[in-house]
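*Asks:* Each chain, letter by letter, is given below.
There are 2 protein chains.
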Amino acid sequence: MTKNDKINFSTPSGFPEFLPSEKRLELHLLDIIRKVFESYGFTPIETPAVERLEVLQAKGNQGDNIIYSIEPILPPNRQAEKDKSGETGSEARALKFDQTVPFAAYIARHLNELTFPFARYQMDMVFRGERAKDGRFRQFRQCDIDVVARGKLSLLYDAQMPAIITEIFEKINIGDFVIRINNRKILTGFFQSVGIAENQIKTCISIIDNLEKIGEAKVKQELEKEGISSEQTEKIIDFVKIDGSIDDVLNKLKYLTENLPETGQFNLGVTELETVINGVRNLGVADKRFCIDLSIARGLNYYTGTVYETTLLGHEALGSICSGGRYEELVGIFIGEKMPGVGISIGLTRLISRLLKAGILNTLSATPAQVVVVNIQEDLMPIYLQISQQLRQGGINVVTNFEKRPLGKQFQAADKQGIRFCVIIGAEEAAALKSSLKDLQSGEQIEVNWADLGEEIKRRILNPETI
Amino acid sequence: MTKNDKINFSTPSGFPEFLPSEKRLELHLLDIIRKVFESYGFTPIETPAVERLEVLQAKGNQGDNIIYSIEPILPPNRQAEKDKSGETGSEARALKFDQTVPFAAYIARHLNELTFPFARYQMDMVFRGERAKDGRFRQFRQCDIDVVARGKLSLLYDAQMPAIITEIFEKINIGDFVIRINNRKILTGFFQSVGIAENQIKTCISIIDNLEKIGEAKVKQELEKEGISSEQTEKIIDFVKIDGSIDDVLNKLKYLTENLPETGQFNLGVTELETVINGVRNLGVADKRFCIDLSIARGLNYYTGTVYETTLLGHEALGSICSGGRYEELVGIFIGEKMPGVGISIGLTRLISRLLKAGILNTLSATPAQVVVVNIQEDLMPIYLQISQQLRQGGINVVTNFEKRPLGKQFQAADKQGIRFCVIIGAEEAAALKSSLKDLQSGEQIEVNWADLGEEIKRRILNPETI
Chain A
31 MTKNDKINFS TPSGFPEFLP SEKRLELHLL DIIRKVFESY GFTPIETPAV ERLEVLQAKG
91 NQGDNIIYSI EPILPPNRQA EKDKSGETGS EARALKFDQT VPFAAYIARH LNELTFPFAR
151 YQMDMVFRGE RAKDGRFRQF RQCDIDVVAR GKLSLLYDAQ MPAIITEIFE KINIGDFVIR
211 INNRKILTGF FQSVGIAENQ IKTCISIIDN LEKIGEAKVK QELEKEGISS EQTEKIIDFV
271 KIDGSIDDVL NKLKYLTENL PETGQFNLGV TELETVINGV RNLGVADKRF CIDLSIARGL
331 NYYTGTVYET TLLGHEALGS ICSGGRYEEL VGIFIGEKMP GVGISIGLTR LISRLLKAGI
391 LNTLSATPAQ VVVVNIQEDL MPIYLQISQQ LRQGGINVVT NFEKRPLGKQ FQAADKQGIR
451 FCVIIGAEEA AALKSSLKDL QSGEQIEVNW ADLGEEIKRR ILNPETI
Chain B
31 MTKNDKINFS TPSGFPEFLP SEKRLELHLL DIIRKVFESY GFTPIETPAV ERLEVLQAKG
91 NQGDNIIYSI EPILPPNRQA EKDKSGETGS EARALKFDQT VPFAAYIARH LNELTFPFAR
151 YQMDMVFRGE RAKDGRFRQF RQCDIDVVAR GKLSLLYDAQ MPAIITEIFE KINIGDFVIR
211 INNRKILTGF FQSVGIAENQ IKTCISIIDN LEKIGEAKVK QELEKEGISS EQTEKIIDFV
271 KIDGSIDDVL NKLKYLTENL PETGQFNLGV TELETVINGV RNLGVADKRF CIDLSIARGL
331 NYYTGTVYET TLLGHEALGS ICSGGRYEEL VGIFIGEKMP GVGISIGLTR LISRLLKAGI
391 LNTLSATPAQ VVVVNIQEDL MPIYLQISQQ LRQGGINVVT NFEKRPLGKQ FQAADKQGIR
451 FCVIIGAEEA AALKSSLKDL QSGEQIEVNW ADLGEEIKRR ILNPETI
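Chains as they are written, first to last, in the numbering used here: chain A, 31 to 497; chain B, 31 to 497.
Chain A on its own, in the form it takes in the complex (with noise of 0.2 Å):
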């Protein structure tokens, strides 16, 4: 074979792809963050890769995003299928850039074949032509949840979350973490309570969301810069400072509704923000996963309540690791309906790759295997096969070496690929229907029987104390 050397086989600039230690930790992540899904009754779906371009550009969704369009490339042999193709301007189709205006699709597609309120979960990839720089992907994958209703929606579902993204977490094992919670209403209606004109607030709300990020100083003059005096600025500086422990920031904002010119928006985010932290604690959330901070606002101005941002404590740099919060007018756009909901997300892919690099997750072995079956006498193969299935049967993975190699290199190479045990049966052993079983991370070598073999190794894998 000739190699074409002109061909450049590298991955396009930031389409990431993992190996399979990384892509193992992948897979274990999204078990985890599924069955956490599932177990708040939140069902899978899928929505295409590609969509009408209209769709993801409907109400201005594209937003700051870049959209890769697609178009077909006929092979050599079939040009003239051109123009039969129906792939014309009109039917422009392009990649989801996220999963929020698919999902909204979506459900104008099966309105009458769902159930509301409506709670799925859905782990896709999403494409956008951002520049590649660390950490920014072209593709990644989102894992996302939302509950949507056609009318009301309790708050008790914006309790569910935290909840949610507690056992997510604690189950990843990734330190510790505070779930950062506020009500987009409180801070609309104390901006209002200070004087800030109404097409004022959103503005505001943005410059203030960045408090951590540039500092009170920044977010000062950006304030001045859209006129807000500095009386006005000093009191929403003391206001989204407010801290301490749950109690005491509720308490405060409990006596500010009473001492706060009315102005409705307060009030309902308070009463809105109690409710949800009520129902966080009875969901069993410890205290310390979360906390009320009144500078977050998630900068997507769709949230019309409460929102999340999840910050992983000594790791602050990394920014939020999940995020979300309650909206109106979003998922009900192509029907023209008000849906309220209330959902989370999760970029995993971009997750993944900071937290390896800052070493806070390691990735898995190569492969699913945890035993080989060695060779050390071809004509023992057909032994070899039955042992091997024997243990696939009990539920364990299993390569055979087909290729009979000393055995100290056929040790070597199942260590260094991760794989924990050897069996290793001779002409003696085969006998005796007797194996040996190496455990090379304790390094023992003891005799089994065969039909031992399965519980012996899922012994060991099961129990610690053993190695």
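Careful: at least some of the hints might be erroneous.
A pair counts as met if it fits within one copy or between any two copies, since identical chains are not told apart.
Said to hold, decoys possible - Calculated cross-link-like contacts (lysine-lysine; reagent style DSS-like; alpha-carbon spacing at most 30 Å):
#	residue 1	residue 2
1	K464	K446
2	K284	K265
3	K284	K243
4	K439	K284
5	K182	K36
6	K439	K368
7	K318	K284
8	K439	K65
9	K434	K368
10	K488	K201
11	K201	K65
12	K65	K488
13	K464	K65
14	K182	K439
15	K434	K464
16	K265	K282
17	K255	K434
18	K265	K250
Calculated directly from the structure, the hints in this document are not laboratory data.
Everything numeric in this text was worked out from a predicted model, so none of it was measured.
Fit chain B to the given chain A structure using the hints.
*Replies:* For chain B alone, coordinates are given in the frame of chain A:
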């Protein structure tokens, strides 16, 4: 909210999406397939959806496929970035149309990080610009395994494939199926022995491969068109129609090895086939699950030895539900190295769609929830939340009803979604730390202590006799 009537929110033609009950079936099948793949030590990888166009078109691998290229569309506020985004013609990128070419690129990209023989599985989406007809999708999921080596690859890897196919389809519970095995060297060798010219052999094999589809008369015509004599044609047809038990066919082939003019290829093919068949048997695959079918060749010319097709008995019109074979010059194309490999592929999206239509598979319930904690008294919500969490910690998927509705409606809604159990707690029950458990499948309603609820539900799920 106003509805934008002008937006066509349907999926683009050929890009399918599943309802929750269908997506849950897909995930269930993916779980089964992944578990079997991993039990043989196949490790997961996922290559990006997007590759450089030159990679996808390397060595003419586009074949007959219509590829989708991607092109960035900048949002209105970022038009100025056009020139900076690095998306020039020489960087042309497109969506992968299969997993073979990207696998070859993956190997080239990570040659020194992988351990050979490298056994990987991949269950990614691929994209082809087919005209959307019944069962032909433009985006679909393929479940592929391949094991490739640098140097030699044991024929026992070929033997594992039918064992893997058997396990998967037995676990999916798809009905009776048979894996048809052949070896292209046998066909090539036989064609040589009857005097077909070397440059005609591949074409003749392709014609024979269509025997089942187009029938004997049409095959004869097409062979005649190629200038094959009627005597040669008779011999060929007689040969590929050899049937009988596995041992019958093997014995007939072995007889021919001693009676045909020596071609090298034929005898080698028979020896390979016998080794593979022995391996399949040693792996415990029942004889009823496979046969030797000398007429199959897999159209794709890159196969060089063993080939497989899988037929669902009674549903032959579905075509092969899992196919594959051995190749030599496929995955080493980017590094200019012969890398023998053997692999199989399940076109999962198409398979599910056809099996559902044929009534062979049923969808799952629309939600993973197994239990609804109903809401009959708002002030007991803290207890409903607590009981829900307790059940979740026991591994049960639970929905808590946050909206209070008549009890009958809550039962109905649960039943409609396929949720089997309702947990009912009123004031009296709450005081006694008890609940009523309603099994909607049996209609039975029993009283259970809170502490025993999880075990009772799990017992009923696992043991159908309690229904």
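*Asks:* It remains to establish, for every hint, whether it holds in the given structure.
*Replies:* Hint check results:
| no. | hint | result |
| --- | --- | --- |
| 1 | K464 with K446 | within (26 Å within a copy, 54 Å between copies) |
| 2 | K284 with K265 | within (17 Å within a copy, 94 Å between copies) |
| 3 | K284 with K243 | within (28 Å within a copy, 77 Å between copies) |
| 4 | K439 with K284 | neither (71 Å within a copy, 38 Å between copies) |
| 5 | K182 with K36 | between (60 Å within a copy, 28 Å between copies) |
| 6 | K439 with K368 | between (66 Å within a copy, 24 Å between copies) |
| 7 | K318 with K284 | within (22 Å within a copy, 75 Å between copies) |
| 8 | K439 with K65 | between (39 Å within a copy, 28 Å between copies) |
| 9 | K434 with K368 | between (67 Å within a copy, 21 Å between copies) |
| 10 | K488 with K201 | both (22 Å within a copy, 22 Å between copies) |
| 11 | K201 with K65 | both (11 Å within a copy, 22 Å between copies) |
| 12 | K65 with K488 | both (23 Å within a copy, 16 Å between copies) |
| 13 | K464 with K65 | between (39 Å within a copy, 28 Å between copies) |
| 14 | K182 with K439 | between (65 Å within a copy, 17 Å between copies) |
| 15 | K434 with K464 | within (20 Å within a copy, 63 Å between copies) |
| 16 | K265 with K282 | within (14 Å within a copy, 94 Å between copies) |
| 17 | K255 with K434 | neither (76 Å within a copy, 49 Å between copies) |
| 18 | K265 with K250 | within (11 Å within a copy, 91 Å between copies) |
Hints 4 and 17, counting from the list given before, are not met by this structure.
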